[in-house]
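The primary structure of each chain is shown beneath.
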Amino acid sequence: MANVQSLQGPRGTKPRRRFSGRNIMIYGTLLFVSLYYILPLWVMVMTSLKGMPEIRLGNVFGPPVDITFQPWVKAWAEACTGLNCDGLSRGFWNSVQILVPSVILSIAVASVNGYALVNWRFKGSEVFFTILIFGSFIPYQVMLYPIVIILREMGIYGTLWGLVLVHTIFGMPILTLLFRNYFSSIPEELFKAARVDGAGFWGIYFRIMLPMSLPIFVVAVILQVTGIWNDFLFGVVYTKPDLYPMTVQLNNIVNSVQGVKEYNVNMAATILTGLVPLIVYFVSGKLFVRGIAAGAVKG
Amino acid sequence: MSGPSWQMRLFRHPHAKIAAIPMILTTLVVFVGGTAWTVVYSFTNSKLLPRLKFVGFQQYDRLWSNSRWQVSIENLMLYGVFALVFTIAIGFLLAVLLDQKIRFEDTFRTVMLYPFALSFIVTGLVWQWILNPEFGVQSMVRALGWEDFVFNPLYDPDIVMFGLLIAGLWQGTGFVMCIMLAGLRGVDEDIWKAARVDGIPTWKTYLFIVVPMMRPVFITTLVIVASGIIKLYDLVVAQTSGGPGIASQVPAMYVYDYMFTAQNLGQGLAASTMMLLSVLIVLIPWAYLEFGGRKHG
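Chains as they are written, first to last, in the working numbering: chain H, 9 to 307; chain G, 2 to 298.
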C-alpha cells in the first residue's frame, strides 16, 4: 500500500534553490530588522557588565573588556531612591506581593464571570459584558480619580489591597472575554448533563469547567503576570513610596537627578526589572502569542 | 403574563447572580459611574478636593489656552500619526516576510516579539541610554570617522517625538506582526492557488486581494494601536520625562500632574474628559462599522 503513494510522483511545491535572489532579499531584510530588535537587549547586558571607567571611554555597543558583576549587586542591594538605599530588591518584593494576589483574584473573578455569561445568562448579562468591553477602551486617566475616592471610602487607598483591587478591575474586561470565548466552546450537553445530575452553579464550575480549561488559565496567568508586573501608572497613583512596585522604583533610581549617573548600575537595574516578563515570555513561547492574540482578535 | 413573575426571575439561580456582582459593580460603579463622575466634575472648580461648584466651560477654556496642553496635543497627534502608520506598515511587512515559508520562522518571531513582553519603563530607559548623545549612537558614528554627525533626538525639541517613536515601534511592532501573521494564515489557500493560476504576481496578490480580505484584522489592529497611543504615558516618563522643557509632553502626563501634584483637580478632570472624547472619536466609527450593519443578539 505504501508504494502506491510513491508512484504518484513528487508532491508539494517545487523545491526552491536555497540562494535565489528572492531568498537573499528575505533573509537579508529579516536579519537586518532582527538587529534593531536585538540591539537594545545586547546594549543593556553589555553596559551592565562594564565598569564606569570603561563606559566613559565610549562605545556602548562593544562587549566589556573587564567583566564585572558589581553593577548588578549594586542595583539589587544598594541603589538609592530618596533616602532608602536598599536597592531594587525592595521593589522586587513589593511587586511580588502585588503580583500574586492580583493574578489570583483577577483570574478567579474573570473566570467566574465568563462562566456565568456563557452558562447562566440572566437578563441584562450581555449588556454588562458589552459595557465591560467598551470600558476597556476608556483611558485609565478618566477613572483614576473616581477610583481614588472609592478606595479611600473603603479604607484601602495607598495599601497593597487597594492596588490588587485596581488590577482586578482593569484586568476584568480582557480576561472575561478570554474565558467567555473559551467556555462557550465547551459543549453545552456537558453542562446540561451535570444540571440533570443535580450539580449547582459552583459544583459545575469547580468539577467540570475548571478541570477542562487549564490551558486557558495558563494563558490568563501569562497575560496577567506580564501585564501587572509591567504596570507603572497604577503603582504610582495607588500606592505609597514604601510599597512602590519595581517599575516605579526603577524609574526613580534611573531618572533621579541627584548624584553621578552610574549607567552600568542603571542598565543592570533595567534588566533586573525586565527579567520576570522576559522569563515568562521565553518559557511560555506559543502560549504567550496565544494570549495576546486572544486579546486582539475578537469573535 | 405566561413567564415566571419578576420576583421569581430575579431570585432564580441566586448563586449565579451573586457571582456576577463583581462584574456588575465594575461596569456600573467604576466604568459608567467613574466616567460620569469625571465628566461632571470637569465642569467644577475643584482644586485639592472635589467640590460641586459649577463653573461651566471655564476649565476647558483654561485647558485649551494652556500652551503645555497645546504642545501635548500636537505631540500626541504627531506621534500618533507616525506610530499608527509605521506600526501597521512594518507589522504587516514583517508578517508577509515571515509568511514566505522561511526557515527559522519561530526564531525570527521570538526576536521580534520579545520587546512586547517588556514594560514601557524598561523600553524607555534602554532607548534613553542608546540615544544618549555622549555614549550612544551619535558618539559611535563619530568614532567611526563622521566627526560632525548629529543624532541627538532626546535633547532636540524639534525631533524628540521621533526619539520616542523609535522606542515605541521597537516595543509594539512585534505584536502587530503577530496579529497580521495570524490574519495572513487565515487566508484561504485556494485564493493563493487561484491567483497563481491566473499569473498574478505575488505582491499584487497581497496588495489587491489579501489586504482587502484582511480588512477586519486591519481595523481591529487600528483600534487597539490607536487606543494604546492615546494612553501614551510610561514611555515618555521613562525616556524623556516630558522634556527637554515641555517638548515631549503628552495629555496623560498633563492629567496626572494636574490631578496629583498641581492640586488642580478640575483642570485634570477636564483634560481627562478630552482624552475620553478623543477615544470616542476613534471608537464610535469603529463600533458603527463593526456592529451597526448587522444586528447581533
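Hints in this document: simulated from the structure, not taken from any laboratory.
Please note: incorrect hints may appear among the correct ones.
[Stated by the list, open to error] Distance condition first, Cα-Cα at most 30 Å in a straight line; then the derived DSSO-like pairs of lysine-lysine:
{"id": "1", "chain 1": "G", "residue 1": "Lys232", "chain 2": "G", "residue 2": "Lys102"}
{"id": "2", "chain 1": "H", "residue 1": "Lys294", "chain 2": "G", "residue 2": "Lys194"}
{"id": "3", "chain 1": "G", "residue 1": "Lys232", "chain 2": "H", "residue 2": "Lys294"}
{"id": "4", "chain 1": "H", "residue 1": "Lys269", "chain 2": "H", "residue 2": "Lys294"}
{"id": "5", "chain 1": "G", "residue 1": "Lys232", "chain 2": "G", "residue 2": "Lys48"}
{"id": "6", "chain 1": "G", "residue 1": "Lys18", "chain 2": "H", "residue 2": "Lys294"}
{"id": "7", "chain 1": "G", "residue 1": "Lys48", "chain 2": "H", "residue 2": "Lys248"}
{"id": "8", "chain 1": "G", "residue 1": "Lys18", "chain 2": "H", "residue 2": "Lys131"}
{"id": "9", "chain 1": "H", "residue 1": "Lys248", "chain 2": "G", "residue 2": "Lys232"}
{"id": "10", "chain 1": "G", "residue 1": "Lys48", "chain 2": "H", "residue 2": "Lys200"}
Nothing here was measured: the structure is a model prediction, and the numbers come from that model.
Evaluated hints:
In summary, the hint linking Lys232 (chain G) to Lys102 (chain G) is not supported, as the alpha carbons are separated by about 36 Å, beyond the 30 Å threshold. Taking the CA atoms of Lys294 (chain H) and Lys194 (chain G), the gap is about 29 Å. The hint holds against a cut of 30 Å. Of the pairs offered as hints, the one joining Lys232 (chain G) and Lys294 (chain H) holds, with about 28 Å between alpha carbons and a cut-off of 30 Å not exceeded. This hinted pair does not check out: Lys269 (chain H) and Lys294 (chain H) have alpha carbons roughly 39 Å apart, beyond 30 Å.
Restraint check for Lys232 (chain G) and Lys48 (chain G): satisfied, since their Cα atoms lie roughly 24 Å apart, inside the 30 Å limit. Between the alpha carbons of Lys18 (chain G) and Lys294 (chain H) the distance comes to roughly 36 Å, so the proposed pair goes past 30 Å and is violated. Proposed proximity of Lys48 (chain G) and Lys248 (chain H) is supported: the alpha carbons are some 22 Å apart, at most 30 Å. With a C-alpha separation of about 10 Å, the suggested pair Lys18 (chain G) and Lys131 (chain H) falls inside the 30 Å cut-off, and the hint holds.
Between Lys248 (chain H) and Lys232 (chain G) the alpha-carbon distance is near 23 Å, which keeps this suggested pair within the 30 Å criterion. For the suggested pair Lys48 (chain G) and Lys200 (chain H), the alpha carbons sit about 57 Å apart, so the restraint of at most 30 Å is broken.
Checked against the numbered hints listed earlier, the structure breaks hints 1, 4, 6 and 10; every other hint is satisfied.
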